[in-house]
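Engineer: If you read the sequences in order, they're chains V and P.
Numbering follows this note's numbering, with no gaps: position 261 of the first sequence is 1291.
Numbering follows this note's numbering, with no gaps: position 94 of the second sequence is 1104.
These are calculated hints, taken from the structure and not from any lab test.
Cβ atoms here follow ideal geometry from the backbone N, Cα and C, with glycine treated the same way.
Don't take every hint at face value.
Stated by the list, open to error - Ranges between beta-carbon positions, derived for each pair:
#1 P:Ala-1135 - V:Ser-1218: 33 to 41 Å
#2 P:Leu-1162 - V:Gln-1226: 29 to 37 Å
#3 P:Gly-1138 - V:Glu-1223: 44 to 52 Å
#4 V:Glu-1107 - P:Asp-1062: 35 to 43 Å
#5 P:Pro-1155 - V:Arg-1192: 50 to 58 Å
As the list claims (entries may be wrong) - With a Cα cut of at most 27 Å, we get these calculated DSS-like pairs of lysine-lysine:
#6 V:Lys-1173 - V:Lys-1234
#7 P:Lys-1115 - P:Lys-1230
#8 P:Lys-1287 - V:Lys-1143
#9 V:Lys-1143 - V:Lys-1213
#10 V:Lys-1144 - P:Lys-1287
#11 V:Lys-1213 - V:Lys-1172
#12 P:Lys-1287 - P:Lys-1275
#13 V:Lys-1173 - V:Lys-1213
#14 V:Lys-1213 - P:Lys-1045
#15 P:Lys-1061 - P:Lys-1017
#16 V:Lys-1222 - V:Lys-1173
#17 V:Lys-1144 - V:Lys-1173
#18 V:Lys-1114 - V:Lys-1234
#19 V:Lys-1213 - P:Lys-1115
#20 P:Lys-1017 - V:Lys-1173
#21 V:Lys-1043 - V:Lys-1287
#22 V:Lys-1097 - P:Lys-1287
#23 V:Lys-1097 - P:Lys-1230
#24 V:Lys-1173 - V:Lys-1143
#25 V:Lys-1222 - V:Lys-1234
#26 V:Lys-1287 - V:Lys-1144
#27 P:Lys-1017 - V:Lys-1172
#28 P:Lys-1017 - P:Lys-1114
#29 P:Lys-1115 - P:Lys-1061
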Amino acid sequence: MENRIIDLFRKKKKNILSVFTTAGFPNLTDTVPVITQLAKEGIDMIEIGMPFSDPVADGDTIQASNKIALDNGMSLEVLFDQIKNIRVHVDIPLILMGYLNPVYQYGIEAFCKKASEIGIDGLILPDLPLDLYLEDYAEIFKKYHLSNILLITPQTSPTRIRQIDEASEGFIYMVSSNSITGKSSGISDQQKEYFQRIEAMNLKNPKIIGFGISDRATFSTACAHAEGAIIGSAFIRALTTDENLPNQIRAFAQSIKQELR
Amino acid sequence: MYQVDEKGFYGQFGGAYIPEMLYPNVEELRQQYLKIIESESFKQEFDLLLKDYVGRPSPLYFASRLSHHYQTQIYLKREDLNHTGAHKINNTLGQIILAKRLGKKRIIAETGAGQHGVATATACALMGMPCIVYMGAVDIDRQKPNVERMRLLGAEVVPATSGSQTLKDATNEAMRHWINNPEDTHYIIGSVVGPHPFPDMVARFQSVISLEMKQQLLEKTGSEDPNYIIACVGGGSNAMGAFYHYLDRPQVNLIVAEAAGLGLKSGESAATTHLGKPGILHGSKTILMQTNDGQVVEPYSISAGLDYPGIGPVHAHLFETARADFNYITDKEAMIAGRLCSQLEGIIPAVESAHALAVLDQRKFESSDVVVINLSGRGDKDMRTYMNYNFDD
Ligand SMILES: Cc1ncc(COP(=O)(O)O)c(C=O)c1O
């Protein structure tokens, strides 16, 4: 079957809105309702965060959501069980995102097999760098038709960007600034220069900008330079346990999408 | 055979499992570190500081009363006599000279017991570089004197309030800071942990310990080789320093003391090789205390410098190849051994180092055996722990 990520980028070339959510947050059983509601609201793609005890690339918001999810009892076992029938309701691309160790403990091959059976389209494992991916993981990912989404940052050299572009299938995750997740105070001129520099490289893969995209303004700036953007911390902040979840998600989606429709 | 390979691995362990955000910094280090630290001018600057500023060589002291007590030949490698009171300064001076030569302007570090934080703050004061030290909130509380020393030295001490609020969390915070400040900042990691090339680099800076030991043993015993070298392992930098020049001499038995806290099965322990399995944390594959689901377990030890859920990848390799023998020492065994050393030798050891001393109670040595204990640090910082400990329990 066709990889849904590739399919999405073939059909839609701009304003792709992707949302990151932490599995098992805010309540353990919210994983599927959150994904389903995001899809209903017309979100184009979802990153499902697999919580980890030591998320070094994440800021306070996602750190806290990881901790809450783990305290709620989330694990890869539980997650796979929760989402085993997700493809009955949801047909947008779904990506699993998380740190390497839990995946490594599950067993790389077993993990990829399971993810693929469920209908997951791609993986983002920030602490699995390019060389180790190519050496030890690429074949397994390919066997199970999973796109490996690699990151680039403002510090990544042009040569390395070309290598990452070559090794990528689906899209490239452009980290918007030198930072962990959840830092945002708008998008600076320096960041725009970086976006333009990458645009001018005419990479073969589409690009999605993430980290620090938090509202309509930052989303549309990002979309001016890439096919779309990912919102993570701002979405996590929008979820609370004391209100009706679908309403919170609808309000969030509308706050971002309003003028882009 | 025990050295790092070209790709940064020790057997299956090591590597650089880092997010792309850290790649340029780590890659710069990887490309530069050997060139810099093997240059003559680096060696001159480093050796001079080790001599005049740290006070090296540190003595190898024949502990006659301990020897009599245990009926064997015990030598203490006196890293506790170094400036700032532990082996940590060997590494921080090496790294800060390197950082300067890389053109870095700022230094960050993590610390557990505060010894590495103090040694980093000291090196920064010496070199006139701004310094931020991340320290678990729990450790800030139990290692107050070191916090005050760091502040007096001009460093900013930032509490890490996530997770167990100890060493691993301080390390997470330091890595996040490095991600946010990739251009002018060097991260002085405090042990033989982290992504390649840190473990190898730190091992090289600490290797002066075994270099001196060879010479000193030759003079005192007529042979460079002892029968045993015993060291505690948190991340494993003092142990690596003490083992370095003996790794390829199988006649020298290497013994590691891990912190077992309240006991291996108590759930309050930090004995990594006994409780862990291979996993990935802080940029390298190593042996890691974790749940079946791959979540890192919060370790416990009475000694803040040993309560880390992993060990350096080189030690994971020494464990897997059985080159070193890994022992576990409980809080109580360490405290008793620390008190004994104080009373028989007039040397109050750091609680970390007391774990190495406690191996003497666990294992039987021949009366002719030459046993070197790496006394990694002094106990001044631990006075409160010694005073409050209930030895009679
Ligand atoms: C005196 C002393 N010994 C040992 C250690 C443990 O570190 P490592 O295992 O890297 O030597 C520490 C750490 O703070 C320490 O202060």
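Engineer: Are the hints correct? Go through all of them and say.
Structural biologist: Hint check results:
Hint check: P:Ala-1135 to V:Ser-1218, Cβ distance near 34 Å, so the stated range 33 to 41 Å holds. Checked against the given bound of 29 to 37 Å, the beta carbons of P:Leu-1162 and V:Gln-1226, roughly 48 Å apart, lie outside it. Taken as a hint, the range 44 to 52 Å is violated for the pair P:Gly-1138 and V:Glu-1223, whose Cβ atoms sit roughly 33 Å apart. Taken as a hint, the range 35 to 43 Å is violated for the pair V:Glu-1107 and P:Asp-1062, whose Cβ atoms sit roughly 58 Å apart.
A hinted range of 50 to 58 Å holds for the C-beta pair P:Pro-1155 and V:Arg-1192, which are about 52 Å apart. With a C-alpha separation of about 22 Å, the suggested pair V:Lys-1173 and V:Lys-1234 falls inside the 27 Å cut-off, and the hint holds. Distance check on the hinted pair: P:Lys-1115 and P:Lys-1230 sit about 44 Å apart at the alpha-carbon level, beyond 27 Å; violated. This hinted pair checks out: P:Lys-1287 and V:Lys-1143 have alpha carbons roughly 23 Å apart, not beyond 27 Å.
With a CA separation close to 35 Å, the supplied pair V:Lys-1143 and V:Lys-1213 exceeds the 27 Å bound. Taking the CA atoms of V:Lys-1144 and P:Lys-1287, the gap is about 23 Å. The hint holds against a cut of 27 Å. This hinted pair does not check out: V:Lys-1213 and V:Lys-1172 have alpha carbons roughly 34 Å apart, beyond 27 Å. For the suggested pair P:Lys-1287 and P:Lys-1275, the alpha carbons sit about 16 Å apart, so the restraint of at most 27 Å is met.
Only pairs whose Cα atoms come within 27 Å are accepted, and V:Lys-1173 paired with V:Lys-1213 is rejected, the gap being roughly 36 Å. Proximity of V:Lys-1213 to P:Lys-1045 is assessed by CA-CA distance (about 36 Å); at most 27 Å being required, the pair is judged violated. Of the pairs offered as hints, the one joining P:Lys-1061 and P:Lys-1017 is violated, with about 33 Å between alpha carbons and a cut-off of 27 Å exceeded. Only pairs whose Cα atoms come within 27 Å are accepted, and V:Lys-1222 paired with V:Lys-1173 is rejected, the gap being roughly 37 Å.
Distance hint between V:Lys-1144 and V:Lys-1173 is fulfilled; the C-alpha atoms sit about 12 Å from each other, no more than 27 Å. Annotation: proposed proximity of V:Lys-1114 to V:Lys-1234 is violated, straight-line Cα distance about 33 Å (limit 27 Å). At roughly 23 Å between alpha-carbon atoms, V:Lys-1213 and P:Lys-1115 fall within 27 Å of each other, so this suggested pair holds. For the suggested pair P:Lys-1017 and V:Lys-1173, the alpha carbons sit about 26 Å apart, so the restraint of at most 27 Å is met.
In summary, the hint linking V:Lys-1043 to V:Lys-1287 is supported, as the alpha carbons are separated by about 16 Å, within the 27 Å threshold. With a C-alpha separation of about 22 Å, the suggested pairing of V:Lys-1097 with P:Lys-1287 holds against the 27 Å cut-off. A hinted pair counts as satisfied when its Cα atoms are at most 27 Å apart, and V:Lys-1097 with P:Lys-1230 does not qualify at roughly 55 Å. A C-alpha spacing of about 9 Å is found between V:Lys-1173 and V:Lys-1143, which places the hinted pair at or below 27 Å, so the restraint holds.
A hinted pair counts as satisfied when its Cα atoms are at most 27 Å apart, and V:Lys-1222 with V:Lys-1234 qualifies at roughly 20 Å. Restraint check for V:Lys-1287 and V:Lys-1144: the C-alpha separation of about 33 Å exceeds 27 Å, so the hint is violated. Taking the CA atoms of P:Lys-1017 and V:Lys-1172, the gap is about 24 Å. The hint holds against a cut of 27 Å. The hinted pair formed by P:Lys-1017 and P:Lys-1114 meets the criterion: a straight-line CA distance of about 25 Å does not exceed 27 Å.
Using a Cα cut-off of 27 Å, the hinted pair P:Lys-1115 and P:Lys-1061 holds, with the two alpha carbons roughly 25 Å apart.
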